[in-house]
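*Asks:* Please put together the full structure from these sequences, using the hints given.
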Amino acid sequence: MSIFDSSLISAAFWIAKGTGLTVALIVGAMFLGLIVGLPMAAIQVYGPRWARFLVMVYVWFFRGIPILVLLFLFYFGVFSPLEAWLTKFFGVRINLPFLASVTTLGLASGAYQSQIFRGAMLSLHMGQYEAALSLGFTRLGALVNIILPQALRIAIPAWANEYSILLKDSAIAYVLGTLEIMSRIKLMVATFHMHVPFYILAGFIYYFLTWLGIKALKKLEAKTRIPGLGSDGDAHFPEANEEIGTDERLEENPNAKPVPKPA
Amino acid sequence: MSLELNKVAPAVGAESETKRSQPLLEANRISKTLGGKLILDDVSLSLDRGQRKILIGPSGGGKSTLLKCIHFLNPPDKGDVFLDGKSAKDMSQSNISAFRQEIGMIFQDFNLFDHLTAKDNVAIALRKVKKQPKAAARARAMEELDKVGLSDKAELYPAQLSGGQKQRVSIARAMAMEPKLMLLDEPTSALDPELIGEVLQVIADLAQGGMTMLMVTHQLDFVKHLTDEIIFMENGRIVEQGNPGVLLDAQSNSRTSLFCAKLTQLSSKKWTPGNFM
Amino acid sequence: MDTWEFYVKSLIPALNQGLLMSVKIIVPSALLGIAIGVLVGAGRAAGPKWLKPLLNAYVSVFRGTPLVVQLTMWYFGLPSVSRWLGGYLGPLGLPEFTWKCLILSPYAAAVVAFCLCSGAYQSEYIRGAILSIRKGQFLAAESLGFTKAQTFWHITAPVAVRRALHGCGNEIIYLIKYSSLAIIVSVMELTGQSKSLGSLYFRNFECYCLTALYYLALVSLATIILHLIEKKLEIPGLGQAKA
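Chains as they are written, first to last, in this note's numbering: chain B, 1082 to 1344; chain R, 16 to 292; chain Y, -10 to 232.
It is possible that part of the hints are untrue.
Some chain R residues close to chain B (C-beta under 8 angstroms, calculated; not the full set) [claimed, not checked]: (1) L88; (2) M120; (3) F122; (4) A174; (5) Q175.
Hints were generated in silico from the structure; no laboratory data involved. For every residue, glycine included, the Cβ atom is placed at its ideal position computed from N, Cα and C.
*Replies:* Following this line, the structure appears as structure tokens:
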């Protein structure tokens, strides 16, 4: 079967459609992670001890268990029974694998994002928080109006890194049967009994998505840049062949800045 | 109710007497422990409207901590703070924030908001805390920036300003809130010598305008003429307080004058006192 | 069989077996990964001009694609390549093993995939650590009469190791977690055991709960060990990438 066979071409298109699902998966997970991670970061920097402890437990849990195990854990423990319950009482059908994947990936990402934002918040001079309080801001007001706008900007490069990692982790979700890219690749491989071309295609699609996402986030960083804020304007984005990125979620040192080039 | 009023304010004329005699700020028996160490030990002071007092003493003496306790940025462990007779202890969160609005603080490290222009730095508390509309807040901000001589730098970010300019912006920011009292925590200590003058000028203008001030500083030659009272703190306690002329007189052998002699000895090696502009 | 019996008689022994298998995967992958990382990282930092693009391409590909895809490629893809190769080499009279050797066992595929992927990430940390050393230090060494080898041993290595330690250590912790992916090429490591037992006895949730605990224990242990090593090698001022 030549690679230009029409059925193969349509198979390729079908796989490419899976990108939509992958993107939905990632966007959903990143934003869930943001919603979960930001408050946790604020609690870790400004909150009472008991709350900090709870956050640390959450982070330890979601960073200590492999994504694969987490996916199975939540699928069998939470979402399968949830789906059964929903169908039984409300007759509602949900896309179980997708929902389970998004939620699990999102909660796990939240643990990592909390450390990213924590590092960003810590890198801000504590005095700004004091100054805000001094002017009469409430603690929450100071957080929202002064700390957050800066922390979010500083965190963008690390966030880009997180995107890259999430993209790759999304491939693991195929084990739950979400019809994202990897699942489709596997199905097509089984149908056509051709391996290498499909795997290479998969590699290309993921590589391209990574490149696209990083580019978009770089644009965002440039757009929201403020002189003097953060890493002096030359944000260190994860790029495999040139810059050193802080690729990989550093467990202990969330605000480790990338290594500068020698003088 | 009216009976109680009679007790407190017997007559109209005497009413203003009572009001004037009540100090604007009263810090009562403040104690604070930080990191296991007793930083402030039963400190009390008071400021009448229009008074200007200086806190001096060796580092680690608790001066900055005292200012922060008075401002309720770090609530004291023991003791209370009264502003115009109102106690700050046991205040709810929203009341504390209102309490803080009445006091302005200038920090050693300026603490400008890095993500906002100078103008927005001054305007943001007006908009978000005092809930003023954007245009009004910005106009007020420009007024204050003008008073400190920085209206041409309004659109610049803190990273683009010199240290002296940053401190002046922070003064404008605090003044925009129309506080009753200003706390200044070593406002010029982080500045290069040639930049100190511009900030001292602004502070002198504030004093001229009648602002009640409590300042921690080492710029003795400057403040000697502005202040009503010097308070000398050491090891978390007020050791001496009194008239600057008396305390600083070299003949008096006060702890204050000994400490200041040490300071001027060191500083006179660098530049002549009084010639700081 | 009732719960307690299930846990003690079936699940835990199976998980322990799986744990052993996981360790058998993790240790070689980690060591090989570091070895590759050092070579590639050093090459990218200080190697000859023609070598750098090649190494950069390797790192780019192995960091830019999911580990899942790589694993699948090594285990499922290679046999196809091998067959195709055999179609050419067979008629040439070459022995079978020249192309059959490309067919990897599940275990071999897992280790190859993990060490190559891990190596790419490790090389980043190593490269960063080497580049973080200020040029001035090399000039000073030169002026004092150090040879290139001495410079490497006494100046570069101590600093680079400390700077890279955190990143490389974290990468190994990642390996511990991502070793769970070996199940997709049917290696019966920790996750694999729980999957099979879980589906066999319809006790999926419990099996995965226990598996999660095993991983938490492994990861926590590794984190503590890394922390201790960092503490031991600590030098004041020689922090993370403060050139």
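*Asks:* State for each hint whether it applies.
*Replies:* Evaluation of the provided hints:
1. Residue-level restraint check for R:L88 holds (minimum Cβ-Cβ distance to chain B is 6 angstroms; threshold 8 angstroms).
2. The interface hint given for R:M120 holds, since its Cβ lies 4 angstroms from the closest Cβ of chain B, which is under the 8 angstroms cut-off.
3. Of the supplied interface hints, the one on R:F122 holds, with its beta-carbon coming within about 6 angstroms of a beta-carbon of chain B, less than 8 angstroms.
4. Among the interface hints, the one on R:A174 holds; its C-beta lies about 2 angstroms from the nearest C-beta in chain B, closer than the 8 angstroms criterion.
5. Checking R:Q175 against chain B: minimum C-beta separation of about 6 angstroms stays under 8 angstroms; hint holds.
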